[in-house]
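Knowing the structure of chain A, use the given hints to seat chain B on it.
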Amino acid sequence: MSIKETLNKLEQGTYQNSRIIDLGGVPFTARDVLVKAPLLTKLNMFYLGDRGEGKTQLAHDVNSYFGKNHCYAEGRPDFEPSELFRQLNAQTLGKVLRGEASPEDMAQIEKLTANVSKNLFYIDELNRCPPITQNYFFNLMDGKIVFQGRILPLGNRGYSVGFASANSGNAYNGTFEMDAALLDRMHMAIDITHPDFFTTAGDIFDIVSGNKKDPRASVPTASGQGLTEGILEMHEVFKQRPVSPILCALAPYFNLGLDYAQSTTRHSKRALKRTWPNSSGLKEDTDENKIYPMSKRAILAAMALTSGLEMIAETTGKVPKERTNADLNELEVGLFLDALKLTVPFSGIISPQYIDTECGGDAYVAFENLLGEGSARRSEIIGKTPRVYDAMLLAERGKTNTALLNEISTAEGEWQPVRDAIVHYAESDKEDLRQGDIVEQAKGNPGGK
Amino acid sequence: MVSETLGATRNFGFTLGRTAEGARSDYEALEKRLAEQEKRLAQQSTAPVSDPVVSIPPIIPQSPVTQPQNIPILSYDLSKANPKHFLVLPARTYGNYSYSDTAVCLYRLGKNSQVEQVGKALSLPYEDTAKELTNDSKYIGNVNWEQGMKLVLGLNGTPLTTRQGLDFLALLVSGQAKDLNGNLLGANECQRVIREILGKENPWRSEWLDANFKYLNSKGKPVASNKKELFI
Numbered sequence: 004m005s006i007k008e009t010l011n012k013l014e015q016g017t018y019q020n021s022r023i024i025d026l027g028g029v030p031f032t033a034r035d036v037l038v039k040a041p042l043l044t045k046l047n048m049f050y051l052g053d054r055g056e057g058k059t060q061l062a063h064d065v066n067s068y069f070g071k072n073h074c075y076a077e078g079r080p081d082f083e084p085s086e087l088f089r090q091l092n093a094q095t096l097g098k099v100l101r102g103e104a105s106p107e108d109m110a111q112i113e114k115l116t117a118n119v120s121k122n123l124f125y126i127d128e129l130n131r132c133p134p135i136t137q138n139y140f141f142n143l144m145d146g147k148i149v150f151q152g153r154i155l156p157l158g159n160r161g162y163s164v165g166f167a168s169a170n171s172g173n174a175y176n177g178t179f180e181m182d183a184a185l186l187d188r189m190h191m192a193i194d195i196t197h198p199d200f201f202t203t204a205g206d207i208f209d210i211v212s213g214n215k216k217d218p219r220a221s222v223p224t225a226s227g228q229g230l231t232e233g234i235l236e237m238h239e240v241f242k243q244r245p246v247s248p249i250l251c252a253l254a255p256y257f258n259l260g261l262d263y264a265q266s267t268t269r270h271s272k273r274a275l276k277r278t279w280p281n282s283s284g285l286k287e288d289t290d291e292n293k294i295y296p297m298s299k300r301a302i303l304a305a306m307a308l309t310s311g312l313e314m315i316a317e318t319t320g321k322v323p324k325e326r327t328n329a330d331l332n333e334l335e336v337g338l339f340l341d342a343l344k345l346t347v348p349f350s351g352i353i354s355p356q357y358i359d360t361e362c363g364g365d366a367y368v369a370f371e372n373l374l375g376e377g378s379a380r381r382s383e384i385i386g387k388t389p390r391v392y393d394a395m396l397l398a399e400r401g402k403t404n405t406a407l408l409n410e411i412s413t414a415e416g417e418w419q420p421v422r423d424a425i426v427h428y429a430e431s432d433k434e435d436l437r438q439g440d441i442v443e444q445a446k447g448n449p450g451g452k
Numbered sequence: 010m011v012s013e014t015l016g017a018t019r020n021f022g023f024t025l026g027r028t029a030e031g032a033r034s035d036y037e038a039l040e041k042r043l044a045e046q047e048k049r050l051a052q053q054s055t056a057p058v059s060d061p062v063v064s065i066p067p068i069i070p071q072s073p074v075t076q077p078q079n080i081p082i083l084s085y086d087l088s089k090a091n092p093k094h095f096l097v098l099p100a101r102t103y104g105n106y107s108y109s110d111t112a113v114c115l116y117r118l119g120k121n122s123q124v125e126q127v128g129k130a131l132s133l134p135y136e137d138t139a140k141e142l143t144n145d146s147k148y149i150g151n152v153n154w155e156q157g158m159k160l161v162l163g164l165n166g167t168p169l170t171t172r173q174g175l176d177f178l179a180l181l182v183s184g185q186a187k188d189l190n191g192n193l194l195g196a197n198e199c200q201r202v203i204r205e206i207l208g209k210e211n212p213w214r215s216e217w218l219d220a221n222f223k224y225l226n227s228k229g230k231p232v233a234s235n236k237k238e239l240f241i
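Keeping their order, the protein sequence lines are chains A and B. The first sequence begins at 4 in our numbering and counts up by one. The second sequence begins at 10 in our numbering and counts up by one.
Only chain B is shown next, with the shape it has when bound in the complex:
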C-alpha cells in the first residue's frame, strides 16, 4: 500500500545530493500551493464574468464599433453564420496601411460543403483532422500555410495580416470585443480564444497569418529554423 508519510518514497531513494528532508518540504509546499490555487479558482468562479480582463490595460485605442455592413469575412455566408461566433475587428489605419471593419471567426475553420467545393477545385482534400482544445469544434489541421491561404481566398474570405492578427488579440485582451450582434464578448469567451491561440499546449498549434517568412543563411539559402546562425 502507498505510504501517507510525508517524504515517503516507494521506489525512489535520493541520489545526486537530493534529500528526504528536501522532498518532504517540497511536498508540504506543494500541498499548500495547490490548496491556495483551488481557493483562488473557487473565488474566481463566483466573481463577475468580466473581472479577469478588465484589469488588463487596453493595448490599442478604442474606436467606435460600426454596424457591420459589406465587410469581408473569414467565413462563407455571413447570413447563415451564428453572429455570436464572430468578433468585429474595427477598421484601423496605420500610416499608409489600413483595413476596414472585419468579422473574424472565433473558431478554426472546419470542413463543410463549401470547403469541399473549394478543395475539389484546388484538388486538395481538406479534412477535419484536429479538435480545438477548449471545445469540441473540429477543424482542418493538416494544411500547410499555402493550402490554408488558398482555402480562405477560395471561400471569398481574407486571411488576417500580421497587423490584424495583433489587433485581434489586443481586442480580445481589452475586454471591448463585440460580436456581430454588437454585444460585448464575455471574459470567459475572450480568454478561451486567447488560450486557444497563445496557450502553450499539446498538441502544438499555431495560426496561419497572411505573411510568409523564410529562414535564410548568409548566402540566401533556406535553412532550418533552429540553425544557430541565420538571417530572416
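Only chain A is shown next, with the shape it has when bound in the complex:
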C-alpha cells in the first residue's frame, strides 16, 4: 500500500470533522493533525475536550485502524497498566498449589500476555486515574514495560504508540489533575473542542441528519489487521527522512535559550526550581515569568511532528511550488512554531498563573501571546532564521564566520546556545541523522545518535 493510499484511508472513519487547520500557512485536514501525524510519526497523542463531542468516537476510529493490533483500556482509580500485560501462568500456579513447583517454576509464575505485541495502546478517560496511578503510565507511553527486572519493548516491528483522552478542565466529578511528567510524555495534546480544531456547523448538520440515531459512540467495526501494515510501512519511510538543519540549530533556543533569566543569580529559570515563576529576580515586563524552557523530549517530539506534517503536505501536494530554499526554511520554522501549538499548551511549560490570571484560563490564548502569530518571540525567531540558515550552510562545510554568528548572538542570552550549537556542529564530524533517531529519543529510548 502506498503512503498516499494509507493517508487516504486514514481520512475515513465515523468521527466527522472537516475543519481545515492552518499550520505554517499549509492547510491541513483535522484528521491530518489529529490522526495521521501522530500515527505516521509514532508520537503519543492526548485528546482533550468537553464531554459528548467525539473523543470516544475518535478513539474507536483510531483503534479500528489497527484491527486486532490495538489494546484499549478505560482509566479508573484502581487501574494499573501492567494488568494488561501480565497474567498468572495457570500451569505453574497449579504446581505451586500442589507443592510441586521448582525454583525455576516459581520464577515463571507470571507470564506476559499477547498485549505486549500490540501496536496501539489507547487509554480512554485517562484523568479518571489519580496522579499516583498516572505514574504507572510512564513506561507505557515510553513504549516499554518492566517485567521480572527486565525492560522489554512494547509493540512489534518497533512500533508502539500511546493514545489517551480526557475531559478537559478537570471540571468533572471523579477526574484528577494530570501529572506533569505524564503530560510531557503525551507528545501531542489537543483540545478537540477548541474553536481552532472543533467540528464545523456543516459537520454537526451531517451528524444529526445522517443515519446515526444512537447518541453512543459507534464501536470499532474493522477486524483483522486493519491498516496496521500500511501504517507501519508509512512509519518506516518516515524514519528515513532527513532531519532539518534549521530546526536542529534552533532546538537549543527552546531548551537552553528559554531557560535564560537575565537578572537572576545564575541566569537560569531551572536553577530557581519551584520558585519559578514567582521568584523576585524574574523580569515582569518580559515573558521570563510566563514561559519555562521546553524539555529535550518535547523539542524532539515537536521536530518529529513538524517532519511528519511536512511529509503529509508533500504526499498530498500541499507544499507551495517554486519557492526558494530560504522561503521554505521560513515555512518550516513557521510550521514548527505552529506545531508547538499541538504540543505546548498543556505541557506545563506555560505558567499556570499566567494562563489563569491573564488569559482567562485559556492555554491556547497564552500560547498565542507567547509564541503565536504576532508575538515578539515568534517575530524574533522568524527574523533570525535566514542568518541561522546561512551559518548552517557554512557549518555543514566545517566553517564559521564571526560576523554572521554575531548576527545571531553577541553575548550571553537566549540566542547564545544557538550560536554555540552551530559552532559545535561546524567543528564536529556528525553525520546522517534521521527522523527515526529523533522519534526514538523523544520516546526516551537509547540508540539515537
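Honestly, the hints are just simulated from the structure, not real lab data. Ideal placement from N, C-alpha and C gives every residue a C-beta, glycine not left out. There's no promise every hint is true.
Stated by the list, open to error - With the Cβ distance kept under 10 angstroms, some of the chain B side facing chain A (calculated, not the full set):
no., residue
1, T24
2, V152
3, P212
Below, chain B alone, put in the same frame as chain A:
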C-alpha cells in the same frame, strides 16, 4: 571528514521541496556576500573616524554648546568624573517645556560607594549584575523602573525625560556631540553608545526614562503588553 563540495550535506537531506541546487547557490551567494562585507569593513577601518556619521542628516537644529556650569548631572560628583565619559546635552525649549544644559553619562551606572549609600537608605541592595555589550563596564541591571528612578534621584541626578532621551540619541547621530571638555565625540564612540542603546542584542536591554506607561484594557485594568486589544 567534512566535504568541501559546494552544496554537500553531511547530515541533512532536502525535504519540503528544498533542493541541493538551491543550497549550492545559496552557499555561493553567501560566500560572495561575506567576502564583500569583509572588504567593506576593511575599507571602513582605514577611513577617517567621523566618516560613518557625517552623512546622517542632523535630526534637530544645533544650538551652540555652552560651557557646562552648575548643570544637573546623571552622576555623583562631576569633578571626580572623567569628563570624556559625559556628553553635554544642550538646553532646549519646546513650547512650555524646556530643560537646561545637561551632562549625560555615556555608560550605565555601576555600583560604587555612593550607590551603596543610597541603596542602604532605600533598603535596596543595588549590585552590578550585567556588563555592557560594547565594553567591560559593569552596571546595575537588576532594577525595575521605580528602583532605577529612586537611585538616580538619590544621587542628586535627573532621569532623562522622553524628550531628552530622544534629543540625546539625535545628538549622537548628528556627529556634533561634545564631551565635558568641549571636544567632539569620535564617531566610533557615538556608534558604540547608539548600539548599546538601540542595538537589537542579546541579552535583551533597554533604558529607563522618566516616564511611566501602563497597558490598560477597555475597563482601565492593567493587562500584559502582548495582549492584542489594549489601550495605552
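Hint-by-hint comparison with the structure:
Hint status for T24(B): holds, given a least beta-carbon distance of 6 angstroms to chain A, under 10 angstroms. Annotation: V152(B) was flagged as interfacial toward chain A, and the flag holds, the nearest CB pair being 9 angstroms apart, inside 10 angstroms. Interface restraint check: P212(B) against chain A, minimum CB-CB distance 4 angstroms, threshold 10 angstroms, status holds.
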